[in-house]
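Q: Listed below, chain by chain, are the residues.
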Amino acid sequence: MTTNQKYNQFIAFLIFSFVINASLSSRNWKAPDDQKDKNSYIKFDASTAAQGEAIYNANCASCHGNPGKNNALKSLNPIPPDLSSTASQSLTDGELIYILNNGAGLMPSFKNSLGEEKEWMVISYLRGFNKNYIQELSKFDPAKSKLVKLVSSFDKASNSIIVNATADEKNGKIAIVGAEISVFVKRYFGNFQIEKALKTDASGLAKFSFPTDLPGNKNGDLEVLVKLYDENYGEVQVTKTYSIGVPTDKPGLNEDRAIWNTLVKAPLWIIGLYATGLISFLLLLAFLLNNLRGIFNSKV
Amino acid sequence: MLDKKTSDQIVADLTSHIKLSMGFKVWMAFLSVSLLVCLYAYFLQLRDGMIVTGLGDYVSWGMYLANFVFFVATSLIGMLISAVLSLLNQKWAAPLARIAEIIALAFAAVAGLVIIMDMGHPERLLNVFIHGRIQSPIVWDVTVVTIYVLISALFLYIPLLPDLKICSEKLTNIPPFARKIYTLLSLNWSGTTEQKNLIKKSTGALSIFIIPVALAIHTVTSWLFANTSRAGWDSTIFGPYFVIGAFVAGTAAVVVAMFVFRKAFNLEEYITDFHFDKIGKLLVLVSLLYLYFNINEYMVPAYKMKHADAFHIQTLFTGSYAPLFWATQILGLILPIILLILKPMRKPLPLLIISIFVILGAWFKRYIIVVPTMEHPFLPVQNVPINFKVYSPTLIEIGVTIAPMIMAVLIITILSKVIPVIPIHETLEHRNEQEK
Amino acid sequence: MSEQSKKPNDKSRRDFLQNIGMAGVGTLLGGAAVWAGFNYDSKKTAKQRIKVLTAENKLVEIEKDAILDIEKSPAQQLTYLQQRGRDGLEGKRFVMVIDLSKCQNARKCMQACQEAHHLRPEQHHINVLKMQETATTQPYYMPKPCQHCDNPPCTAVCPVDATFKRQDGIVLIDNERCIGCRFCMAACPYSARLFHWQEPLFSEQDKDLVYDVEQNVPQRRGTISKCLFSADKLREGKQPSCVSACPNGVYYFGDENEDVVTNGTTKESFRFRKLLADNGGYTLMPELGTKPRVYYLPPKGKTSPFQEKDKEEAAEHFHG
Numbered sequence: 001m002t003t004n005q006k007y008n009q010f011i012a013f014l015i016f017s018f019v020i021n022a023s024l025s026s027r028n029w030k031a032p033d034d035q036k037d038k039n040s041y042i043k044f045d046a047s048t049a050a051q052g053e054a055i056y057n058a059n060c061a062s063c064h065g066n067p068g069k070n071n072a073l074k075s076l077n078p079i080p081p082d083l084s085s086t087a088s089q090s091l092t093d094g095e096l097i098y099i100l101n102n103g104a105g106l107m108p109s110f111k112n113s114l115g116e117e118k119e120w121m122v123i124s125y126l127r128g129f130n131k132n133y134i135q136e137l138s139k140f141d142p143a144k145s146k147l148v149k150l151v152s153s154f155d156k157a158s159n160s161i162i163v164n165a166t167a168d169e170k171n172g173k174i175a176i177v178g179a180e181i182s183v184f185v186k187r188y189f190g191n192f193q194i195e196k197a198l199k200t201d202a203s204g205l206a207k208f209s210f211p212t213d214l215p216g217n218k219n220g221d222l223e224v225l226v227k228l229y230d231e232n233y234g235e236v237q238v239t240k241t242y243s244i245g246v247p248t249d250k251p252g253l254n255e256d257r258a259i260w261n262t263l264v265k266a267p268l269w270i271i272g273l274y275a276t277g278l279i280s281f282l283l284l285l286a287f288l289l290n291n292l293r294g295i296f297n298s299k300v
Numbered sequence: 001m002l003d004k005k006t007s008d009q010i011v012a013d014l015t016s017h018i019k020l021s022m023g024f025k026v027w028m029a030f031l032s033v034s035l036l037v038c039l040y041a042y043f044l045q046l047r048d049g050m051i052v053t054g055l056g057d058y059v060s061w062g063m064y065l066a067n068f069v070f071f072v073a074t075s076l077i078g079m080l081i082s083a084v085l086s087l088l089n090q091k092w093a094a095p096l097a098r099i100a101e102i103i104a105l106a107f108a109a110v111a112g113l114v115i116i117m118d119m120g121h122p123e124r125l126l127n128v129f130i131h132g133r134i135q136s137p138i139v140w141d142v143t144v145v146t147i148y149v150l151i152s153a154l155f156l157y158i159p160l161l162p163d164l165k166i167c168s169e170k171l172t173n174i175p176p177f178a179r180k181i182y183t184l185l186s187l188n189w190s191g192t193t194e195q196k197n198l199i200k201k202s203t204g205a206l207s208i209f210i211i212p213v214a215l216a217i218h219t220v221t222s223w224l225f226a227n228t229s230r231a232g233w234d235s236t237i238f239g240p241y242f243v244i245g246a247f248v249a250g251t252a253a254v255v256v257a258m259f260v261f262r263k264a265f266n267l268e269e270y271i272t273d274f275h276f277d278k279i280g281k282l283l284v285l286v287s288l289l290y291l292y293f294n295i296n297e298y299m300v301p302a303y304k305m306k307h308a309d310a311f312h313i314q315t316l317f318t319g320s321y322a323p324l325f326w327a328t329q330i331l332g333l334i335l336p337i338i339l340l341i342l343k344p345m346r347k348p349l350p351l352l353i354i355s356i357f358v359i360l361g362a363w364f365k366r367y368i369i370v371v372p373t374m375e376h377p378f379l380p381v382q383n384v385p386i387n388f389k390v391y392s393p394t395l396i397e398i399g400v401t402i403a404p405m406i407m408a409v410l411i412i413t414i415l416s417k418v419i420p421v422i423p424i425h426e427t428l429e430h431r432n433e434q435e436k
Numbered sequence: 001m002s003e004q005s006k007k008p009n010d011k012s013r014r015d016f017l018q019n020i021g022m023a024g025v026g027t028l029l030g031g032a033a034v035w036a037g038f039n040y041d042s043k044k045t046a047k048q049r050i051k052v053l054t055a056e057n058k059l060v061e062i063e064k065d066a067i068l069d070i071e072k073s074p075a076q077q078l079t080y081l082q083q084r085g086r087d088g089l090e091g092k093r094f095v096m097v098i099d100l101s102k103c104q105n106a107r108k109c110m111q112a113c114q115e116a117h118h119l120r121p122e123q124h125h126i127n128v129l130k131m132q133e134t135a136t137t138q139p140y141y142m143p144k145p146c147q148h149c150d151n152p153p154c155t156a157v158c159p160v161d162a163t164f165k166r167q168d169g170i171v172l173i174d175n176e177r178c179i180g181c182r183f184c185m186a187a188c189p190y191s192a193r194l195f196h197w198q199e200p201l202f203s204e205q206d207k208d209l210v211y212d213v214e215q216n217v218p219q220r221r222g223t224i225s226k227c228l229f230s231a232d233k234l235r236e237g238k239q240p241s242c243v244s245a246c247p248n249g250v251y252y253f254g255d256e257n258e259d260v261v262t263n264g265t266t267k268e269s270f271r272f273r274k275l276l277a278d279n280g281g282y283t284l285m286p287e288l289g290t291k292p293r294v295y296y297l298p299p300k301g302k303t304s305p306f307q308e309k310d311k312e313e314a315a316e317h318f319h320g
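For the record, the sequence lines run as chains A, B and C.
Residue 118 in our numbering sits at position 118 of the first sequence, and the numbers go up by one each step.
Residue 297 in our numbering sits at position 297 of the second sequence, and the numbers go up by one each step.
Residue 186 in our numbering sits at position 186 of the third sequence, and the numbers go up by one each step.
To be clear, the hints were calculated from the coordinates, so they are not data collected in a lab.
One or more hints might be untrue.
[Unchecked claim] Computed list of lysine-lysine pairs in BS3-like fashion (alpha-carbon distance at most 30 angstroms, straight line): (1) A:K144 / A:K196; (2) A:K146 / A:K131; (3) C:K238 / A:K111; (4) A:K196 / C:K267; (5) A:K250 / C:K291.
Looking at chain A on its own, in the form it has when it is part of the complex (with noise of 0.2 angstroms):
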C-alpha cells in the first residue's frame, strides 16, 4: 500500500466519523438549557461513589468499559466514550443525568431501569475521576415530597384514570400545578406506561384514558402506579388495584394431550396403537408357550 493511498484512506475515515459523529451529536448529545444545568439533591461523597460503582459495573461497563482502562466495547460504532476522559467529564451534571434518562445514539435510557437516585450514584463514581469537580447541591429539599397528596380514581364513562395531586402545606392543601405524572400498570417484569407523561392541570389533575384491552388477572384486577415528578416535591408514587382489566385465566400450555406431552398426556390413538400391539404380541407368547407345554407333555 502506497503512501498516498493510505493518506486518502485517512482523509475518507475522517471525513466518515466526522459524519457520523455529527449526526450523533447534534441529535443526541444536547441537552435542553432548563435541564442543562439541574443538580443533584444527593450529596457526593465516598459511600454514593462506592454504591454508584457498583452499578455502574452492573448496567454500563459492558459498553463504556472502565474509566481509564480504555476497554470500551469496539465493536460498536461510535465506540463509547471513555467517562473519566476530559470531554466527557466537562458535561455538567445536568447533561450528564440527561444522556443516562433519555439515551444518545445507540445508548439506551436509563430513566426506567435504574431511577433518578441511582443516576446520581453513578455520576458521584464517575466524578471522582476528576480532580477539579466541585458539587453544585441542588436547593431542591427531599422533605417536602411527604407532604403530597397524590390520590387516582378510575372514571368509568370515559375508561380513563384521573390523577389527583395536591399538597398538605401550612397555610392549607393546595393543589400542584404542572407536575408530572405518569400511569403505569404493574406486569411481571417492569411496568408498563399509561399512555405518555401529563402535566397536572391547574386544579392539579390529569386524566389518563386507560386502554379496554389490557389484561388482568382471573378478576381483571390491574395493580396501577402512579408517579409525580415535581421540581420542588420531587418523587412521589402510589399503588392501587382496580379491577379495569380484561379478566385472563388462560391454562397451562402443556394441558393438552399431545405427541410432545408426558406419558399421561399421550394422545388416545397413540395409547391405543401401542397397547393393542402390545398385547396381541402377549397373546402370540401365551400361545406360544401354551403350545409349547403341550409338546413337553404329549404321551407317545
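Given chain A, work out where chains B and C should sit, using these hints.
A: Just chains B and C now, kept in the frame of chain A:
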C-alpha cells in the same frame, strides 16, 4: 442326490460340525482377542466421555447410529426367508431358513447393544422402562426390537425341537452334560402327531406374526430419522426404503454365511449351486427394488431443489460426500445388479465376492444416510471449532463400531457349533416325501 | 371310543380356558396402561402458603414447599427442585422478542449465558449467527436461543421425559434423567441443543451443588443442555441472563398472558402484540409448525452496519 443317502448318513453329515474342532478354537480365540481390543475402546469412551469420538454438537449422531441401522437391517432377513418365502411356498429356501434365523437373532440381539454404546449414560438404560414415553420412536424401537429378538429366538427354537432330540440321541462324542441339555431342550420330543401339529401351528402363527414385527422394527428405525424435519431425512418413503434396503443387506449376509458354512462344515450336498443360484436371483430382485426406492428418494428432492434439500443433494452428488456416495451406489448396488443377471455370476464364489461388496455398500449407505444430513442443519453452523462442522470418526469410535460386529459373528459361530445349521428333521421328511 | 374322543376335547377346552386366562392377564396389563392414560386427572391440590421474613426485612408469602431448609438431605432437595422445575410458574406464558435491527453482534448475551450456566466458550445456549438469505439481500446478526416451541419436536422424541414443556411454555431438560441418546438434538430444527461430550467446565467446583433443573447447573457429562430462558431467574421476577446483559436493547421479554414485554436494556415495556404488529414480527421457520415462543423483528433500519469481516461467513450458508 440325497435320495441315495440313508437317514443315518444324512444325520451324520448334518451333525458333523457340532464338535469343538481346532479351527473353531483358533477362530474363537481370534474373535475374543479382537473383541477385547474393541471393548477396551469402549472402556476409554466410558472413562473419558464421548469426546473420544469424532461427534460434536452438530453431527451428534454418526457411525454408531449408522451401525445400528445396519444391524437392524441385516436382522430382517430372518423374516424374509423363514416367513415370507415359506408362506409363498418357496421350498428351495427351506434349508436356508435356519441360517437366516441365526443371522436374524444374532444381529437383532446385538442391535440393542449398538444403541447402548451410543448413549451418554448407558447406566440409565432402565429409565426407558421407568419413565418411558410411548410417544417416542426410541421407545417403539426398544419395544419392537425386544419383541423381534424374542420372536426370532422362538422361531429358531420351535422348529429345532426334533433336531435337538436327534442331537441328544445321535451325537456320540459329546460330554454327558451336553447330552442332558439337548434332551432337556428337546421338550420330550417324540414325533407324535400331536407334537407335529403343535409345531406346525406355532410356526404358522410365528411366520405370520413375524412379518408385521419385522416391518415394524425397521420402519420404526427409519422413523428415528424420518420423524425429524431435517433435509435428507424428512421423507415419507423412509419406512419401505429402509425395509427393502434391509433385504439387500440381509440376503447378502445369508450368502456369506451359506458360503462359509458350506465350506467349513462340508455341506456341499445340502447347500448346492442351485441354492446359490436361487438366492442370487433373490438378491437381484431385492436390489432392483432398492434401486427403484433410491431413485425415488433422490429424484424428488433433486427435482425441486428446495433450499436445504438442494444443499444436501449437492453434497452427495458433487460435494464432499460424492466419492463415497457414488461408490456405494455403483459398487454396492448397480454393478451387483448387472453382474448378478448373468448366470455364471450366481455361482458360489462370484456370488460371495459380490455379496461382500453389497454388504460394504449397505454399511456405507447407512453412513451416508446419517452423517451428511447432520452436517448441514437449517441454520448456519457458526462460532464452534472446526471439528464440530465436519465429522470424521476417530480410531476409538471405529473400535467401538467393530465390537458389535465381532459379537454378532461370535454369536453366529457359537450357535453354529451347538445346533445343526441345516434343519435335519425337515430334510429327512422332505426326502421321505420324495421317495413316496 | 366315545370316551377316547372326548378326552382331547376336554383337554383342548382346558387349554382354551388357560389361553383365555393368559390373554386376560395380558389384556389387564394393557388395559391398566390405557386406563392410566385415560384417567389422567388434572386436579391440583391447593398449595399451602406461609409468610416468611426475608433478609431485607420484608414479609413475603411463599409456597410452603419452597422452604429449602438445611436439614433436608441433598436427595430431598434434588427431588424438590426437580418437581418445582417441572411444575413451572402458574398463569404465565413467557415470550421473547428479538429486535434484529438493533443487534450489533456485541455477544454480551452469549457471554452472560455461558457464565450463568457454566458453559465452555464453544457451547452455546444462545448463539449470535451471521445470516444472509440471498446474494442480493442484506446480511444481519441473529441471536438464536432455544425457541421454546409450543409444538416442540425435541420433547416429542425424548424416550424418558427428560426434556419436557412446562405450563409456562418453557422447555427444560432434567439432566439427572437424560440417558444421552441425543434424539432431541437430531429432532431440533434450530440446532438449539448441546451435548456434554466431556467433563463440563466447572464440574470439579460444582460437584457439591444440588442440581437445579431451572438453571441446569451443575452441568453433567453425557447429557444434553439447552437454553432455559433462565427459568431460575424468572421465578424471582428477573429477566433471563442474555436479555438483561444486552447493551443494545435487542431483547424484549415478558408474559404473553399480560400482553406486555419489557426491554432487557431499557426496562421499557410495550404491548406484546402491538410491538409485533407494528414492526412486522415473525417466527423462525413457521412452515415447520413448531410454534416458537421466540419472535423476531426484522432487521429494518439497522442503526449500525454489518461488519465487513463477517460478510463471508454470512454468505456461506446460502451459497451451499
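Q: The structure should be examined with respect to each hint, and the outcome stated for every one.
A: Results for each hint:
1. A:K144 / A:K196: holds (25 angstroms)
2. A:K146 / A:K131: Roughly 36 angstroms between the alpha carbons, so the hint for K146 of chain A and K131 of chain A is violated.
3. C:K238 / A:K111: The hint holds at about 18 angstroms.
4. A:K196 / C:K267: holds (16 angstroms)
5. A:K250 / C:K291: Roughly 17 angstroms between the alpha carbons, so the hint for K250 of chain A and K291 of chain C holds.
Going down the numbered hints, you'll see the structure goes against just number 2.
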